[in-house]
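Novice: So the protein lines, in turn, are chains H and Z. In terms of my numbering, the first sequence has 186 at position 173, counting the first letter as 1, and numbering is strictly consecutive. In terms of my numbering, the second sequence has 282 at position 269, counting the first letter as 1, and numbering is strictly consecutive.
Misleading hints may appear alongside valid ones.
You can't tell identical chains apart in this list, so a pair holds if it fits in one copy or across any two.
[As the list claims (entries may be wrong)] DSS-like, lysine-lysine: derived pairs with alpha carbons at most 30 Å apart:
(1) K301 to K190
(2) K50 to K146
(3) K282 to K159
(4) K90 to K346
(5) K169 to K282
(6) K159 to K190
(7) K169 to K154
(8) K110 to K346
(9) K223 to K110
If you are wondering where the hints come from, they were derived from the structure by calculation, not from laboratory data.
2 protein chains.
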Amino acid sequence: MPELRKDYITDCWVVISTERAQRPSDFKKEPEVPTSKETCPFCPTREHMTPPEVLAYRPGNTAPNTPQWWLRVVPNKFPALRVEGDVNHRIVQVFNKMNGVGAHEVIIESPDHDATIATMPLKQVEEIVNAYKDRYLDLKKDTRFKYMLIFKNHGKGSGASLSHPHSQLIATPMIPKHIMEELRDAYNYYSFTGGTCIYDEIVSTEMEEKVRIVLENEYFITLSPYAPRFPFELWILPKRHDPYFEDMDDTERRYFAMILQETLSRYYKLLDNPPYNFYIHTAPCDGKDYRFYHWHLEITPRLTNPAGFERGTGFYINPMPPEEAARFLREGK
Amino acid sequence: MPELRKDYITDCWVVISTERAQRPSDFKKEPEVPTSKETCPFCPTREHMTPPEVLAYRPGNTAPNTPQWWLRVVPNKFPALRVEGDVNHRIVQVFNKMNGVGAHEVIIESPDHDATIATMPLKQVEEIVNAYKDRYLDLKKDTRFKYMLIFKNHGKGSGASLSHPHSQLIATPMIPKHIMEELRDAYNYYSFTGGTCIYDEIVSTEMEEKVRIVLENEYFITLSPYAPRFPFELWILPKRHDPYFEDMDDTERRYFAMILQETLSRYYKLLDNPPYNFYIHTAPCDGKDYRFYHWHLEITPRLTNPAGFERGTGFYINPMPPEEAARFLREGK
Numbered sequence: 014m015p016e017l018r019k020d021y022i023t024d025c026w027v028v029i030s031t032e033r034a035q036r037p038s039d040f041k042k043e044p045e046v047p048t049s050k051e052t053c054p055f056c057p058t059r060e061h062m063t064p065p066e067v068l069a070y071r072p073g074n075t076a077p078n079t080p081q082w083w084l085r086v087v088p089n090k091f092p093a094l095r096v097e098g099d100v101n102h103r104i105v106q107v108f109n110k111m112n113g114v115g116a117h118e119v120i121i122e123s124p125d126h127d128a129t130i131a132t133m134p135l136k137q138v139e140e141i142v143n144a145y146k147d148r149y150l151d152l153k154k155d156t157r158f159k160y161m162l163i164f165k166n167h168g169k170g171s172g173a174s175l176s177h178p179h180s181q182l183i184a185t186p187m188i189p190k191h192i193m194e195e196l197r198d199a200y201n202y203y204s205f206t207g208g209t210c211i212y213d214e215i216v217s218t219e220m221e222e223k224v225r226i227v228l229e230n231e232y233f234i235t236l237s238p239y240a241p242r243f244p245f246e247l248w249i250l251p252k253r254h255d256p257y258f259e260d261m262d263d264t265e266r267r268y269f270a271m272i273l274q275e276t277l278s279r280y281y282k283l284l285d286n287p288p289y290n291f292y293i294h295t296a297p298c299d300g301k302d303y304r305f306y307h308w309h310l311e312i313t314p315r316l317t318n319p320a321g322f323e324r325g326t327g328f329y330i331n332p333m334p335p336e337e338a339a340r341f342l343r344e345g346k
Numbered sequence: 014m015p016e017l018r019k020d021y022i023t024d025c026w027v028v029i030s031t032e033r034a035q036r037p038s039d040f041k042k043e044p045e046v047p048t049s050k051e052t053c054p055f056c057p058t059r060e061h062m063t064p065p066e067v068l069a070y071r072p073g074n075t076a077p078n079t080p081q082w083w084l085r086v087v088p089n090k091f092p093a094l095r096v097e098g099d100v101n102h103r104i105v106q107v108f109n110k111m112n113g114v115g116a117h118e119v120i121i122e123s124p125d126h127d128a129t130i131a132t133m134p135l136k137q138v139e140e141i142v143n144a145y146k147d148r149y150l151d152l153k154k155d156t157r158f159k160y161m162l163i164f165k166n167h168g169k170g171s172g173a174s175l176s177h178p179h180s181q182l183i184a185t186p187m188i189p190k191h192i193m194e195e196l197r198d199a200y201n202y203y204s205f206t207g208g209t210c211i212y213d214e215i216v217s218t219e220m221e222e223k224v225r226i227v228l229e230n231e232y233f234i235t236l237s238p239y240a241p242r243f244p245f246e247l248w249i250l251p252k253r254h255d256p257y258f259e260d261m262d263d264t265e266r267r268y269f270a271m272i273l274q275e276t277l278s279r280y281y282k283l284l285d286n287p288p289y290n291f292y293i294h295t296a297p298c299d300g301k302d303y304r305f306y307h308w309h310l311e312i313t314p315r316l317t318n319p320a321g322f323e324r325g326t327g328f329y330i331n332p333m334p335p336e337e338a339a340r341f342l343r344e345g346k
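With the hints as constraints, model all of the structure from the sequences given.
Specialist: What follows is the structure in structure tokens.
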């Protein structure tokens, strides 16, 4: 059973994931990335190489775990957290831990080994967003989970270990640090202003200022945030205030798929398909009141390597002003 | 003038370092690492390639910025922050910024291009620690600076851009996020327990438990922390409670150099000279009372690549249990 352990001092939790344990000597080299279609476990006809699917979009007359699907969700074969068991939180002296209960799923975004969100048909991007929502709503029923992060690692430099296009969902038994910080600070702003959402303020102020906006459609904006940690970091923010990602209606999900694809296609075309990570920040699924929060998606390309200063301080040195990044991604020059 | 900008919401500050600005196309590739002695700006006889030295350990009869030094400190030629000017903190709407005032220095650890702390004579490691202290005490006089981080990037994978052995010092006009969090949590523990330092608790508890201890001498321990973010992460903790790194006396600095070298030589020998970052966490230099804090050094090897989950949550997945890492580094098997 993997363990979740809290730092002695700060709210920093880590997973001690013994099931993935490697011998010390295994850390000496970067893991190889199997990019070959010939052995890829996510390609059609190799459904037996993954755990059985928990969701698939496939023709009605096909059996589970056979080909012909156009999107497939399976449990991670090497999960960071396990679905079975109780959380069992214990504190003894300076040691604070709970069992590594959670869920870890893989959303296989396309049967096509070489597809990318930037270049696939828009309809397929919509299906990815639908799958995020479907899995989110299903796992939300499990009351042991307090938070769910949907994220994607694209390209070897992003930490991706397989090149077949996929996203991941990890459900955790507590609210992770960065989310807690956003919730705390959004709550403080809401209280202080007597009910204003700080993300609403960001959307309206940035739409007036214009210089950091990259893209806009009826329901969403893509902007380069005022204090980006990384060069070309972008956020996609819904214009309509809502704490919950899963509250989007069919139309909003279509517009979200549209702006997500267009944003990633700017990276693809203008930055030569860089490695990136994206993740959705949405309100926790613990049933509490989060009316002060506003869901959004953050994308961080991996163009620089944060070093000792960033590790030591949580304070980022970014050589690319967001106004310049936004202009370049907006205008293509 | 570079700018320090605070995230809209959280306490996350970034440097918008326009002086290092690159064209968007420059981000497409990893920067090359000049490892050649023939062009290295830190090698003796190339003193003119760096800004003039602010400290050097050299024979009394030699002139500044000439060879024969055995340790040299110079301003960073491409500083993240600039020494000139006022801080000038401004908040307008959701935009919060100050001028990028600070210091950014490079400690050239040895004239030998191929030296490493793990393998150089112990006497030289002592001189590095002396230089850290000398520069720290000098910069502490500048009341614009609230915090100073001494850190090292070793190896290309760590973010180091030059292979000649060097450390860095960055002084900032505010207390960075991770430090604030440690201070807050150490203060809470101190208040709650009526005056106990949580780091003292860690030292005594871990010395009883033994399983996470790697090395020990009269004044220090090296341990693999209970909830490490990274495989083989280690902390060096002084046994004597003191908030301030610069308070070490001559004997303590010698013992610190000794355990630092021995710790890094375990990495060197047992993990095949991996890239790593280390940094010293010490109390802020803003003149306030930090009696509840306890300085220490943290070392994080770069053996894994944190991905979207870590970026999105600040919650780390670590496949290597610290007890196993400690045993391996302690016993060599």
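Novice: Run every hint past the structure and note whether it holds.
Specialist: Verification of the supplied hints:
1. K301 to K190: Classified as both: same-chain Cα gap 17 Å, cross-chain 27 Å, threshold 30 Å.
2. K50 to K146: This pair counts as within: shortest intra-copy Cα distance 28 Å, inter-copy 56 Å.
3. K282 to K159: neither (38 Å within a copy, 43 Å between copies)
4. K90 to K346: Close across copies (29 Å), not inside one copy (43 Å); limit 30 Å.
5. K169 to K282: both (18 Å within a copy, 28 Å between copies)
6. K159 to K190: both (13 Å within a copy, 25 Å between copies)
7. K169 to K154: Cα proximity of K169 and K154: none, with 34 Å in one copy and 45 Å across.
8. K110 to K346: Between copies, since 27 Å is at most 30 Å while 50 Å is not.
9. K223 to K110: The answer is between: 19 Å across copies meets 30 Å, while 46 Å in one copy does not.
Hint check: violations occur at hints 3, 7; the rest are consistent with the structure.
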